[in-house]
Amino acid sequence: MTTATVKGNVLCYKGSNFFRQRLVLSVLSGKPIRISYIRAFEDEPGIKEFEVSLIRLFDKITNGSVIELNETGTSLYFQPGLLHGGTFSHECSTQRGVGYYLEALVMVGLFCKQPLNATLHGVTNNNIDPSADLIKTSMIRAVKNFVLDDEGLEIKVTKRGMLPLGGGEVIFKCPVRKQLRPVQLLDSGMVKRIRGTAFALRVSPAIANRIVDKAKGVLLNFLPDVYINTDQCRAEQVSNVVSNGEDPSIPEDVGEGAATRLLYEIYLGGVVDSSSQALVILCMALGQQDVSKFVTGPLTENAIGFLRHLKEFFGVTFKVAHESDEDSSGRGTQKVVLTCVGIGYKNISKRTI
Amino acid sequence: MDKEESREKCNKERNFKAFSMYSAVRAGRAARRALDLATKKHHLPVPIRTVATPPPYVIVVVGPPKVGKTTLIRSLIKHYTKQKVVKPIGPITIISGKNKKLTFMECNNDLNSMIDLAKVADLVLMIIDASFGFEMETFEFLNILQVHGFPKVMGVLTHLDLFKQNKRLNKIKKRLKHRFWTEIYQGAKLFYLSGMIGDGYHRREIMNLSRFISVMKFRPLVWRSTHPYVLVDRVEDLTDPELVKRNPTTARTVSFYGYSRGISFKPSIKIHIPGVGDLPMKDVSFLPDPCPLPEEQKKRKLLEKETLIYAPMCDVGETLYDKDAVYVEMGQNVRKLDLSSGEKDILVGEGVGIVNQLVKAAAPIDEACKASTVKLFAASSGIKGSADVFEGVRSDALGTETEPNPRIRRKVVFSDVESESDSGLRWKEHMADKAEQAFLQPRPPDLMGAVYNTNHTSAINSLDESEPEDDDFFSKERHEKVGDQEIAVTEDSSKIRETGLHWDEEDVQKLLRNKFVTGEWGSEDAEKLLMEDEESDADGDFEDLEIASSEHKAEESPRDVVQQSDRLRYEEKVLKKAEFDRMYDNKDNDGLFQEMKESFAKQARINESEFENEAAEQRIQYEGFRPGLYLRIVVENVPSEFCQHLDPSYPIIIGGLLSNEENIGFVHVRIKKHRWFPRILKNNDPLIISLGWRRFQTAMQYSMQDHNMRNRLLKYTPKHMHCRATFYGPLVTPNTGFLGVQTVDRTPGFRIAATGVVLEQDACFKVVKKLKLTGVPHKVFTNTAFIKDMFTSDLEVSKFIGASIRTVSGIRGTIKKTLSAPLGSFRATFEDKIKLSDIVFLRAWYPVEPLRYYNPVTSLLQADKGSWTGMKTVGQLRFERNLKARCKADSHYKLIKREPVQFSKLTIPKSLQAELPYKSKPKLLIKKSEKTVRKQKAKKKIFKIMSKEEKQINVLLQQLNTIKNLKLTTKLKKKQADQRRAKELEKDEAKALKRQKAWKKQINRKRSKREGVARRKSASAS
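As given, the protein sequences belong to chains A and B, one line each in that order.
Note that numbering that gives the first Met the number 0 has the first sequence beginning at 0, numbered continuously upward.
Note that numbering that gives the first Met the number 0 has the second sequence beginning at 0, numbered continuously upward.
Just chain A, with the same shape it has in the complex (with noise of 0.2 Å):
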C-alpha cells in the first residue's frame, strides 16, 4: 500500500487497495480523500461496480457528502458528509458479496443520527467475503462489547442468495451511540462447545445433512459437544449453479473445509476472529481517551493496513507486541496484545433533546 499524501485537508491515496477502509475513515474522520490511479494500467481501467455500490450506500447513509470520479473511473474525490443512517434498502453488486457492505455498514452504523435499518439485496454466502452469518455471529459480539447497551444491534438472514444472481436479503439494524467504552479483551478463554450451521439451496436436503456429518466427523477429535443445524428452506431466488463460485465439490469436502476453517481459526486464535480484527481495532481507537487492550492472533493484512489508515485519518498509533504467556504450548499461534489510547471519538451526528 501507498502512503497519502496530505495536500491542504484532502488525504491523497494511490491505487485500488484497502477502497472500503478508505471510505469508512473518511466518512468517520470527516476528512475529504482523493484515491488516484485505481486500476489506471489495467484492461478495465477504473472502480468496479462493486465499488461504485459501496459508493452509493455512503451516499445513501450521508448527507451532504461530494463525490466526483473522472471519466474513466481510475480517479476519486469524495468529502463526506455527515452520518444520517435511517431505514433504506441497497442493490449490493453481484461481484462482492453482501458481507462486503455490511462490515462497513457496522463500522458506521453506532455513529449516525438515526438508528440504521438497512436492507441489503445480492450474494449472502460467497468465497471472498465474510458470510452474513459470520457477520451476524463475530462482528455483532465484538461491537457489543464496546456498547453500555446493544439493544437493536442485531442482522436477520431472511433470504439466502448465491451467485450468480444473488437474490438474498439481510437486514441490519444497529442503533444510535454517543461514544465507545474501552476495553480490556484479554482472555480468549476456551471452546467449550461447537455450533453452526449448514445450508443448501435447490438440492436435495440429505446434502446438508451430509456436510454436516463430515464437519462433525472433524470436529468430535476435539470436543464431544459439537452441534450443527440445517437450514433448508430459505432460499427464495437462486440459479441452478449449486458451487458458490469455486470449482464443482461433493458435500463431504465442503463440510471438511468448513471445519478445517474453523480449527484453523481456532488455531490462530484471539478474542475475536481474524475478520473482525479489523472492526476492533477500529472501535478501540474512536474509543475514550483510555487505554483499550485487546489480544489477538496473527494480524492479518486488512487489520495492518487498517491500523495505517488509522493513524494516517486519527494518529492513533497501536502498540503492536506479542503476548507474553509463559505456557502456551497446544495453544494455538503465539498472540498478539494491541494497545491504544482513544481519540475520545463523540458521535457529532447524534440528536441532543
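Hints listed in this document are in silico derivations from the structure and should not be mistaken for laboratory results.
Note that beta-carbon positions come from the ideal geometry of N, C-alpha and C, so glycine has one too.
Cut-off 27 Å, straight-line C-alpha distance, at most; resulting in silico cross-link-like pairs (DSSO-like, lysine-lysine):
hint: 1; chain 1: B; residue 1: K596; chain 2: A; residue 2: K292
hint: 2; chain 1: A; residue 1: K310; chain 2: B; residue 2: K281
hint: 3; chain 1: B; residue 1: K269; chain 2: A; residue 2: K310
hint: 4; chain 1: A; residue 1: K59; chain 2: A; residue 2: K47
hint: 5; chain 1: A; residue 1: K177; chain 2: B; residue 2: K269
hint: 6; chain 1: B; residue 1: K765; chain 2: A; residue 2: K59
hint: 7; chain 1: B; residue 1: K771; chain 2: B; residue 2: K798
hint: 8; chain 1: A; residue 1: K6; chain 2: B; residue 2: K281
hint: 9; chain 1: B; residue 1: K65; chain 2: B; residue 2: K81
hint: 10; chain 1: B; residue 1: K509; chain 2: A; residue 2: K215
Over 10 Å on every C-beta distance to chain A, these chain B residues come out as not near it, computed from the model:
hint: 11; residue: P311
hint: 12; residue: A615
hint: 13; residue: M720
One-sided and incomplete, this derived list gives chain A residues near chain B with beta-carbon spacing under 10 Å:
hint: 14; residue: N8
hint: 15; residue: L27
hint: 16; residue: S64
hint: 17; residue: N301
hint: 18; residue: T338
hint: 19; residue: I352
Put chain B on the given structure of chain A with help from the hints.
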C-alpha cells in the same frame, strides 16, 4: 388512665431506644428522607484522567479596570516567590507548593480576552471594587463562564478602606455577598482585602487567600476534558529576518510555548488559535519543564531556591531553555566575571553560572570530546570518541537486526490444496514440522515496525512466511502500477482463506489441543492446583473449591480429610459472608454509583500504568503529549499582523480540534436572548458567537418548533423564551454551550446578547415559512366551485392538485383539476356550498435556507484588539445612514372604528298576530302611567260575605244597573248616531257649499274675463 399514659411517656423519655420503632410509618419516612438526602449528594461520576505531574492550574484575575487586579497578582507572586514583579503581563507560572504549580493571568478589559480566558481558567479570582459595587464586566464574565463550563470562582472585595463607618462597611459587605451568592451558589467564597500597605495588600490576607487557593479542588469540565489546549506563555518568531525585511507582510513561522493541558496533545490534530484562526501545526516537541517541581519530597516546606517563577512575557528570570538554544540574561554580571573565584557562583543565578563555567573551561567542547575515552568494560581499554568508532558501533548494532543474507519477505497466497493432490502429499509430509517451526520460530522482534513501517509489504501472518520455494501451490500476488511505482493489490476483504493445517494428523492436532475444554487448563487446571496445594500445604489459595475438595477427599487419610473439610467449610463461609456483605451490607446503598466509581478508578489505574515503562518518544507516539508537558509548537503561515501587533496582555490560546471539528456545516441550536440585553434579535442579523474554542461571526436564522416538529421561521427572537436557531459554522459535539454578542467593542450596557446550546448539526436543515395563497370563486355549484386568482399558470395548479384549501369561514376543500378558462384557475370541491363572496386560501410552507456566512473574529491580528468589526446589523446600518425601515402602506395598522349595531324593531302584522295561537302572540303590555298605577293601588277590593237577602238585593241591584246601563248605552249610542248623522250632514253641506263656491268662482272668472274682453274691445273700438 392518665397515670398509665404518663408512665409510658416517662418510659419513652428514659429508654428511648426501646421506642425507636414506635411508629413504622415515621421510621419509613425518616429512612426515605435519609436516602433522598444521600442521593442528592451524588454527582455523576466522571472518568479520572489525572496525570502524575499535572500542568499548572490557571488562575485568572478578572475585574473592571482600577479595581486592583495587578496589585493582587503582584502581592500573590511576592508571597509565593519573594520576587517583585513590577508589571505582571502574560501568564506567570510559579511553584506554589511541593507538588503544585500555578499560572496567574490577568484579564484585561476586553470582551475577547474575557471569553478566551473563561475557556481556560481553572480558578477565577473575581475582583470587585466594594466602594463602587458590581460593574457590568463582572456580570458579563460570569455569564461567559456559565456558558463555557463553570470553573471555580472566588470573589475578592477590594477598596474596603474607603469606608469610614464600620456599620456601612458591614452593610455593603453583606449586600455584595448575597448578590454574589445568587450569581454563583449559596455560600460561595468571597474574600475581603481590607486595604493596601505600601504597594500591596496585607500579608496576612494574601496568605489566607493563598491557602484557600492551595486547598481548592477542581472538577473536570466537559469541554476541557475532551480537548487538548495550551495557554501560550512565550512566542518566538522563527521567520528568516531577511524575508521579513524584504516583505514585512510575509507569512511568519512562529513557535508557541506552553504547558499541554486538557487531554493529551496529539501531533496530528488541527489547532485553532482564537483571534487568529485554524492553523496546521508543523512540528510539536516537548522541552524540559522550565518550572520544575522540587525533586526531593522530604521537607514539609518548600525551600526558597525551589520557589521558581517562569514568566517569559514580563522579564522575570534570566534563563530560557529552548529546543536548540539556551538564552541567558547576563545583566550586569558580565563585567564582574572573575575567572579565578569559583565559589562566588553560589550567589549568581543558574544561567549565569553556566555561562561562567563555559568561559572558565580550558578547552572547547569538541576538543574535549576527542580527548575523552569511554570504558565499556572494566578491563578493556577506553574507546576514543572519534567518528569511525561511532560508525563501527552503529554498524554492529544494525548487524544484530539484519541477517547476513536478508530474506526478502513477500506475501504469498495459498492455492487450492485439494486440486493438487501430488504436491499435496509432499506438503503433508512436512506440514507438521513446518507448523511446529512456524510456531516456535522467533518472531520479528519489532512488530511495531512491521506494521507501521510501510516498507514491509508482507503481512506478518505467521503461516504466510513459509518459504516460497514450491511454485506449485504458492502463487505470487497481483501487482498494480501506480504512477511510477508498483504496489501489491489485496482483495479488500477481511476474510482469510487459508485452511491452514491438516487437522486429521495427530501431531498437528496437538498444536491446539489445549484450546478446548477437553485439553489442559493451564494455570486453572484442577490437577495442577492440587499438586501445588500439596506442595505448599495449608495456605494455598483455592481457585476452584469444588474440584479441589473432591480430589482431596479421594486421596488423603481420614484425619487429614476432617481437618481439610473444616478448613474448607471455614473458607466457604468466609466467601459466603463476603458475598453477602457485598450484596446487602452496602453502606451507602448505592451499588450502581459505587460500581461506576470503581470501574473509573480501575480504568484510571490501567491508563496510568500501561505506558509507564516505555521510552518517552514511544509514549508520546501512543498517548500524545500528556497534559503537564511543556510544549513547543511550531506553526507556519501565521499572518504577519499577529507578530506585528503582538500584545502579551492578550491571552494566546492554542485549542486542539477533534477530528470532525474542522469541518463546517449547519448547526442547529437552542437559543435564548439574554434577559439583560435590551433589544430582541432580528432574523438573519449577524451575531458574534463563541462556541468551542472559536469566536466567529455568523448569521442566525431563528425558528420555533411546532408540535409536529416543524421548524417555523421567526422574524425576531422571543423576548423571554427559548427558540431554535440555525447557523452556518464549525461543527462541534452536541450539548456544547455557546454565547452570542453583537459587538465586541466597548459599548455601554450589557453586551451578551444570547446564550444557548448546540442541539444537532447536519448538512441541511428544514426551516419553513408560512405562505398563504388566496383566490376567489368565480362560479359556485353545490359542493364544487371554480376558483381563480390563486395561481398564474396550469403548471402551478397541477403541482398543487390534491392540496387542501379552506375558506375564511372554515369550509374545507381540495384542489381537483385545472380549468382552461382563466389561466391558473381550477376546480375545487368543498365539504359544503361556499359563497361567491368567500375568499379561498391555501396554506403552504416555504423552505428557507440560512445564509452561508462564517467569519472568524481575528481580534489578535488587529492593532487595536478591541475594535474588531465584522458585518454590521441592519439596524446599525440604518442608524448610521439615517434610514428608516421600508414598509408597505398596506401593512400599517390603522384604528378600526366599529359602530354599535342598530337592530330595527320587530313588528308582526296585525292580521298575522290575530292568527297566531295565544302562546306565540306578542304579549307586550303598554306601560301604565304612574297615576293609574297609584289609582289601582288605592282601589282595593273588599270581599263581603253576604246573606241571602243581601244577595237578592245585590242581584236585583245588578239587574237594575244592567237595565240602566243598557238604557244609558242605547241612549248614548242614539246620541252618538245622531251626532254622527249631524256631522255627516254638516260635511255634506260644507261640500255643497264648497262646490257652490267653486262654481261661483268659475262663473265669476268667466264673467270677468268676458267683461274684460268686452271692455278691451270697447276700448279699442273707442
